[in-house]
Amino acid sequence: ALISSNGGKPILVVACSEDARAQGLKAGALVKIGSTVLGGGGGGKDDFAQGGGINSSQAQASLTAIVAAISGQ
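Just so you know, this note's numbering puts 59 at position 59 of the sequence shown, and the rest follows in order with no gaps.
Note that these hints are calculated values from the structure, not bench results.
Do not take every clue at face value.
FRET-style restraints, in silico, Cβ to Cβ [what the hints assert, rightly or not]:
| hint | residue 1 | residue 2 | range |
| --- | --- | --- | --- |
| 1 | 22 | 54 | 31 to 39 Å |
| 2 | 68 | 46 | 15 to 23 Å |
| 3 | 67 | 41 | 15 to 23 Å |
| 4 | 57 | 22 | 32 to 40 Å |
| 5 | 24 | 64 | 14 to 22 Å |
| 6 | 23 | 54 | 29 to 37 Å |
| 7 | 64 | 17 | 16 to 24 Å |
| 8 | 36 | 15 | 17 to 25 Å |
| 9 | 8 | 63 | 16 to 24 Å |
| 10 | 18 | 39 | 30 to 38 Å |
| 11 | 24 | 54 | 28 to 36 Å |
| 12 | 57 | 23 | 27 to 35 Å |
| 13 | 57 | 24 | 28 to 36 Å |
In silico BS3-like links for lysine-lysine, alpha-carbon gap of 27 Å or less [said to hold, decoys possible]:
| hint | residue 1 | residue 2 |
| --- | --- | --- |
| 14 | 9 | 26 |
| 15 | 45 | 26 |
| 16 | 9 | 45 |
All figures in this text were calculated on a predicted structure; none of them were measured in a lab.
Just so it is clear, CB atoms sit at the ideal spot from N, CA and C, and this is done for glycine as well.
With the sequences and hints as input, model every part of the structure.
Structure (structure tokens):
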């Protein structure tokens, strides 16, 4: 997962390798988790997705939520 900023608004990109997808991870689902924390939305396919929001101060929390989802917490 990668978060950047454009015009003060956070942009989130998630990519999942073939191995990650074989383990059940989906980029679209992960970007929805992260972008919700950012106060926005997003979507995409199983291998690549993007989203964004309005709350750039929550960038670290967004990544933490994605890591927690990957870890199954």
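Query raised in the report: Which hints, by number, does the structure contradict?
Result: Violated hints: none; all satisfied.
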